[in-house]
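Q: The listed protein sequences derive, respectively, from chains Z and E. Residues in the first sequence are numbered from 1 upward in steps of one, following our numbering. Residues in the second sequence are numbered from 1 upward in steps of one, following our numbering.
No wet-lab data here; the hints were simulated from the structure. Cβ coordinates follow ideal geometry from the N, Cα and C atoms, glycine included. Any given hint could be a false lead.
[To be verified] Have a look at the derived ranges for each label pair, beta carbon to beta carbon:
#, chain 1, residue 1, chain 2, residue 2, range
1, E, His249, Z, Ser87, 20 to 30 Å
2, Z, Leu146, E, Gly83, 29 to 39 Å
3, E, Val307, Z, Met174, 27 to 37 Å
4, Z, Ser87, E, Pro275, 51 to 61 Å
5, Z, Ser141, E, Leu27, 53 to 63 Å
6, Z, Ser141, E, Asp89, 52 to 62 Å
7, E, Glu143, Z, Gly102, 48 to 58 Å
8, Z, Thr28, E, Ser78, 54 to 64 Å
9, E, Asp89, Z, Thr28, 41 to 51 Å
10, E, Gln195, Z, Phe31, 54 to 64 Å
11, E, Ser78, Z, Ala177, 52 to 62 Å
12, Z, Ile239, E, Asp89, 33 to 43 Å
13, Z, Ser150, E, Lys198, 55 to 65 Å
14, E, Tyr11, Z, Leu153, 21 to 31 Å
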Amino acid sequence: MKVYGSVLKLRLSMGMQYRAAALAGVATQFFWGFITIMVFEAFYEYAVQTPPISLREIISYIWLQQAFLVFITMWFRDNELFELITSGNIAYELCRPCELYGFWYAKLLAQRLSSAILRCFPILFVSFLLPKPYNMTLPPSLTTFLLFLSALLLGLFLLVAISMFLYISVFITMSPAGSLLVFSILGEFFAGLIIPVPLMPTWLQKIANVLPFRWTADFPFRVYSGHIPQNEAMIGILIQLGYLLVLVLLGRFALNRVIRKVVVQGG
Amino acid sequence: MIQLEGISKSYKIAKRSTGLRQAAKSLFYREHTIIDALKDISFSIKPGEIVGYIGPNGAGKSTTIKIMSGILVPDTGSCTIMGYTPWKDRIQYVKNIGVVFGQRSQLWWDVPVMDSFELLKDIYKVPLQEYKATIDLLIETLELQEIVQSPVRQLSLGQRMRSEIAASLIHNPKILFLDEPTIGLDAVSKIAVRQFIKTINKEKGVTVILTTHDMNDIESLADRVILIGKGSLLYDGHLEKLRKRFGTHKTITADYGKNTIPIQIPGTSILSWSPERVILSFDPDQTKTSEVITHLSDQVKLLDVTVESQPIEDIIVQLYKEYKI
Numbered sequence: 001m002k003v004y005g006s007v008l009k010l011r012l013s014m015g016m017q018y019r020a021a022a023l024a025g026v027a028t029q030f031f032w033g034f035i036t037i038m039v040f041e042a043f044y045e046y047a048v049q050t051p052p053i054s055l056r057e058i059i060s061y062i063w064l065q066q067a068f069l070v071f072i073t074m075w076f077r078d079n080e081l082f083e084l085i086t087s088g089n090i091a092y093e094l095c096r097p098c099e100l101y102g103f104w105y106a107k108l109l110a111q112r113l114s115s116a117i118l119r120c121f122p123i124l125f126v127s128f129l130l131p132k133p134y135n136m137t138l139p140p141s142l143t144t145f146l147l148f149l150s151a152l153l154l155g156l157f158l159l160v161a162i163s164m165f166l167y168i169s170v171f172i173t174m175s176p177a178g179s180l181l182v183f184s185i186l187g188e189f190f191a192g193l194i195i196p197v198p199l200m201p202t203w204l205q206k207i208a209n210v211l212p213f214r215w216t217a218d219f220p221f222r223v224y225s226g227h228i229p230q231n232e233a234m235i236g237i238l239i240q241l242g243y244l245l246v247l248v249l250l251g252r253f254a255l256n257r258v259i260r261k262v263v264v265q266g267g
Numbered sequence: 001m002i003q004l005e006g007i008s009k010s011y012k013i014a015k016r017s018t019g020l021r022q023a024a025k026s027l028f029y030r031e032h033t034i035i036d037a038l039k040d041i042s043f044s045i046k047p048g049e050i051v052g053y054i055g056p057n058g059a060g061k062s063t064t065i066k067i068m069s070g071i072l073v074p075d076t077g078s079c080t081i082m083g084y085t086p087w088k089d090r091i092q093y094v095k096n097i098g099v100v101f102g103q104r105s106q107l108w109w110d111v112p113v114m115d116s117f118e119l120l121k122d123i124y125k126v127p128l129q130e131y132k133a134t135i136d137l138l139i140e141t142l143e144l145q146e147i148v149q150s151p152v153r154q155l156s157l158g159q160r161m162r163s164e165i166a167a168s169l170i171h172n173p174k175i176l177f178l179d180e181p182t183i184g185l186d187a188v189s190k191i192a193v194r195q196f197i198k199t200i201n202k203e204k205g206v207t208v209i210l211t212t213h214d215m216n217d218i219e220s221l222a223d224r225v226i227l228i229g230k231g232s233l234l235y236d237g238h239l240e241k242l243r244k245r246f247g248t249h250k251t252i253t254a255d256y257g258k259n260t261i262p263i264q265i266p267g268t269s270i271l272s273w274s275p276e277r278v279i280l281s282f283d284p285d286q287t288k289t290s291e292v293i294t295h296l297s298d299q300v301k302l303l304d305v306t307v308e309s310q311p312i313e314d315i316i317v318q319l320y321k322e323y324k325i
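Work the whole structure out from these sequences, hints included.
A: Right, here's the structure in full:
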């Protein structure tokens, strides 16, 4: 367990070195946040029927999305791991007395956490201070907030488990470009990062509900605004746990399979 | 301690000729060639030995090291190291070994060297007391005092290599695999690395297996050499024996006052000659060194004489030639 703690520590101290990147990230996220909110505002003004989710809820949804972007996007990746696999430096990882899955899971988790810590607080802080209607609002109750926190963390664990398959695929394809594209587009669309899931047509929502992606982003954000009631949120958290268990087991199995066939050539 | 029995490993490599047409063809059909990287390799190594593992490029040295360190799975054969099968009991086994791959890096690029060491301490679950003692010793003997606080990206190759070696010894392994540890190092760093390997072998009894292309490494470290070529084991034994088998010749280089008459000494052959200098080669079993020098001083006014055994490099070249590898 201590190993994972140390990986996190090391990652954090590394992440702190890139203050300029974090600042630029914050600025970009504000820009995006505003643009998206304005687009939705325009849509809502001319909506013929009442949309299934209120503008207030959408605004919280978007600010949370921007604040926790590194928790929920698939394209936020660890290039070092890709390089490890393609260059053969993985040889060293295999000489360590740890299970590779756990070790890499910790690395990926640490990377997302360290980036998020630098970015989420300034965004959240400022978004509460913004003038109406662009400001972020508090969750309806403390219970909702606690439910949101657990859902967000589980969502993060789930996303790391999903992204692990990306790294496993590189063992076979030797290039991250293809899997990255497929995972990002499909994953992020069905997680509700492009259009919030409640605004999708019913048939698309059905697909999104079956896939694990929406449990990483859409679910926790709607729990926050109270769009998903508390009792449904409880069930949702159980579903998240179920997905997490299945994906971690599957990922571990797949990773152990590919490293048995690994070829480290040259040198 | 280390026992390899009939280890074989082959790689499947996609093959295609150059050119666009061939590239298009390979979209639909791919030819593969099987390359036998290792063929039936067997040897055993006792605790406390330093073994030099040599062979030309592509001979299979690194593949053997990778099999012994549990990274690759061989096609056939068995390997028992300290009672473990490396690729089956990987996690249990690797606690006992340290590995340095000269061409790869295990240190975290962006953080100070010390941070990487601390992480390794936690990965190997080294107790704090033991860690402190080990790290002090490593820093002192490898002269790392000034570099442990710098990020790895700012280190020179020699500094990095010394840090890499330190990193692989933090958990006090019983066996150390070194895959080209002196590649690209300058003379001073090479000597420092060699000295260090000797020290840990003597004082801690660490068994060392090293591959290298620098025969000076082998000469100053290893009593025993294992030679492989094209995946087969060719020689396993003392370096001295190898030298006796091939390296019976000595050379004499003599400088003298200007002399235009070519030198003729029975039992020697001339490697090069000029009016001021001659290089002779002879077999000391048949012609005594003193005799050659006597003859020389009879014929010319000697200024300087150097007698050398055949360099180990030449022996290796001869050996490669003899085995056609």
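Q: Each hint should be assessed against the structure and marked as holding or not.
A: Quick rundown of the hints versus the structure:
1. Between His249/E and Ser87/Z, the C-beta spacing of about 44 Å breaks the proposed range 20 to 30 Å.
2. For Leu146/Z and Gly83/E, the Cβ-Cβ distance of about 51 Å falls outside the hinted range of 29 to 39 Å, so the restraint is violated.
3. One distance hint, 27 to 37 Å for the beta-carbon pair Val307/E and Met174/Z, is violated here, with the actual separation near 55 Å.
4. At about 56 Å, the beta-carbon gap between Ser87/Z and Pro275/E stays in the expected band of 51 to 61 Å.
5. For the pair Ser141/Z and Leu27/E, the supplied restraint of 53 to 63 Å holds, since their beta-carbon distance comes to about 60 Å.
6. Between Ser141/Z and Asp89/E the beta carbons are some 53 Å apart, a value that agrees with the proposed interval 52 to 62 Å.
7. Roughly 36 Å separates the CB atoms of Glu143/E and Gly102/Z, a value that falls outside the hinted 48 to 58 Å.
8. Checked against the given bound of 54 to 64 Å, the beta carbons of Thr28/Z and Ser78/E, roughly 57 Å apart, stay inside it.
9. Roughly 49 Å separates the CB atoms of Asp89/E and Thr28/Z, a value that falls within the hinted 41 to 51 Å.
10. With their beta carbons about 59 Å apart, Gln195/E and Phe31/Z fall inside the hinted range of 54 to 64 Å.
11. A hinted range of 52 to 62 Å for the beta carbons of Ser78/E and Ala177/Z is inconsistent with their spacing of about 40 Å.
12. Against the hinted window of 33 to 43 Å, the Cβ-Cβ separation of Ile239/Z and Asp89/E comes to about 38 Å, which satisfies the hint.
13. Look at Ser150/Z against Lys198/E: about 57 Å separates their beta carbons, and that is inside 55 to 65 Å.
14. Between Tyr11/E and Leu153/Z the beta carbon distance is about 44 Å. The supplied range of 21 to 31 Å is therefore violated.
Of the numbered hints stated above, those contradicted by the structure are hints 1, 2, 3, 7, 11 and 14, listed in ascending order.
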